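Number of protein chains: 2
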Amino acid sequence: MVDRRLRSAEILAVGSELLTPFRTDTNSLFLTARLNELGIDVCGKAIVADDPAALQSALRGALDRADVVLTTGGLGPTDDDLTREAIAAVVGVASVEDGTVLAAIAARFASRGMRMPAINGRQAQIPSGATVLPNPRGTAPGLWMPVSDRVIVALPGPPRELEPMFDAEVVPRLQARGSRGVLRRRVLKIAGRGESHVDELAQPVYGPWRDADVPITTTILASSGQVELHLAAQGQDSVTLDRVLAAAVEDMQMALGPIVFSVDGLSLEEVVGQRLRERGLMLAAAESCTGGLLMGALTDVAGSSDWTAGGVVAYSNAVKEQSLGVPGDLIATNGAVSEPVALAMAEGVRLRLGADIGVGITGIAGPGGGTKLKPVGTVVFAVVGPGESRVVRTVRFPGDRAMVRRMAVHTALDLVRRALSDQT
Amino acid sequence: MVDRRLRSAEILAVGSELLTPFRTDTNSLFLTARLNELGIDVCGKAIVADDPAALQSALRGALDRADVVLTTGGLGPTDDDLTREAIAAVVGVASVEDGTVLAAIAARFASRGMRMPAINGRQAQIPSGATVLPNPRGTAPGLWMPVSDRVIVALPGPPRELEPMFDAEVVPRLQARGSRGVLRRRVLKIAGRGESHVDELAQPVYGPWRDADVPITTTILASSGQVELHLAAQGQDSVTLDRVLAAAVEDMQMALGPIVFSVDGLSLEEVVGQRLRERGLMLAAAESCTGGLLMGALTDVAGSSDWTAGGVVAYSNAVKEQSLGVPGDLIATNGAVSEPVALAMAEGVRLRLGADIGVGITGIAGPGGGTKLKPVGTVVFAVVGPGESRVVRTVRFPGDRAMVRRMAVHTALDLVRRALSDQT
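Protein chains in written order, with the numbering used here: chain H, 537 to 960; chain C, 537 to 960.
Hints listed in this document are in silico derivations from the structure and should not be mistaken for laboratory results. What you are looking at is a predicted structure, and each value in this text was computed from that prediction instead of being measured. Mixed in with the good hints, there may be bad ones.
What the hints assert, rightly or not - Listed below are several chain H residues computed to face chain C (Cβ distance under 8 Å; list not exhaustive):
#1 Thr568
#2 Ala854
#3 Gly890
Built from N, CA and C at the ideal position, the CB exists for glycine as well.
Using the sequences and the hints, build the whole thing.
This is the structure:
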């Protein structure tokens, strides 16, 4: 067995349920992130049925192409669980019962006052030459199976079993086999600009990075009103990589300015919460078209009761008047979707809930309710506070009802973030 | 070329971005649902990099195993878009420029007042023998490429281009090639019971179905507080299948009773909205630990302004007192998370917002705030109305903050649904 460096991987998700319209493999996203950090590229992924011939053929193909073949699933005790047998067949070895594994499975059942069903004995059948990877969270042990200068790694399907097993048992073994160093990554999160606009602003900065001593690769990803700029560097020394990336992040922040809201993984609602907490301020929101989703996003953050007073979902004009004190003639004159009404909603919720910052959102999420002057997607935002600060903004979003609502929540969060940083 | 029936399919998602930790293929879920309806099984899926050798090898392997090979992506105009070339190479034919395709692409640009970039000419290079599938929503045409008695179908990557192309161009071609009949499916949605409990109740009903003249297969799927029971039947005559499935759905509804909330695809919030609309009632909600997510879910339904008055997010005790009129000594005596407070919240929001039904939710979503008597996950619900109806319920949910909040929203919706049906 030659100990060659491991550079490439393929991932096989095993299970017929993953070939229905209802489920898909997601373990591979976790595994890909971890493998990339170890400097191992994922060059292919496949989803394979619980079928001996299909599974063996997929294993052979993947072993032809990749240094590391990872399987997920198919390690349970039933007849459908074929990964162990398929690995033994492909490598051309017999399986033998492992007494230690069998005892561990039996002990697991005993600890719950149960007798081990005979069927679980299958999980102790280990292909010769494989190292058993213990599974503290389930009965299915994993396998590390060297195949000449390559390796097959068999992992259980449930993420709560797979993830700790991978980190505890597989990462150190892959590291010991060298790989081509470590990969470090930093993420800048950006609000209020589209993907192509961010790329345009960022290009002059990241252009020279590709030819630097430690080259930095960049990826831009967009999703509903938020853009992520990923910076990655690969090498042997993580301290150097982190230093280079920190400098790059700083350059990029300088170039992009205040549209960057996070360089440390925090979400927009977490950043807003952090700033409110730092300044000892409380927020309240009056929502019409977002129907509670802004408050829902803010209260997703643990500890948010320290900086959110509460909110009012004012879907009808009657509620806008009674619960927020928006004057009826203001609505009659300007329409419910208007800057004066958004401002009155924000003022009203701030006053009535005794908060420092009030947010008002009113708009037309669709599909109905649009007019020529105020088409579907028109949303008006007001942020009142801290102190005398007043921001009002009208935006027209594209997309369907769900997308308009999602982007409106994101925009409101960003307006609050900016209102808070202007005064810092 | 023999016209054999098409029974099996493999799906290849093409694109290196699908091999990063950030993106995964989801088009295959749509395609699998459609193929299953045509009686075609999906026997494997793979994700392939933008690499000529990898793509050709994947195409050859899939053609060996399956009657239909579908590719998604790789049909754009850039050097990374290799699907056309790979198909030509695997089938062993040359590509020729298709004048009609080229004119259509140029016209698409012209209609926006733009000149077609030269690079888009690549998209008019069609492998000999392939039928072009028009793409009204983009520049990339699809391909239908017969390979002896099998077929390769190349589709564009963006779902908004792929889905209409598949329905308009591919479904009729697959139907013309027979397949083994149609597959029809019905879905029962169930609230308030776990997967294994539903299975226990359903088993006596669906046991005999397997050996019936038209056998019905069943699948149980669970996700955050909701269980789906899928019934499927396959055959040549969709009228018969629909009749058999309708009878089966009725039997199953009888066995499961009121825990079934939908047999026609509607979500729980849509069912609640439908019942409110039918009875001309308005709902208002006072939310503490769910922080606006219940109102957010209800207002996801288009037209929800007809049956939602609004809501109050009462995170702090001060807001519970001022905006909902919950007596301060009620909170002092019972604690904010208690049945009397939930009831007072529901009464308060109903009264103040002039609604027919009031919902109150107060609980401890975690991670902090739990006590011995009221641990994290404890949530108290109250539904007041219609009329004199009063329901109060205390539930202890497992899981983290996000899961507790999600299950609390689901439970509140189900309590409203039941309050509405009890009086019908």
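These are the hints, each one checked on the structure:
no. : hint   : in the structure
1   : Thr568 : 4 Å, holds
2   : Ala854 : 6 Å, holds
3   : Gly890 : 6 Å, holds
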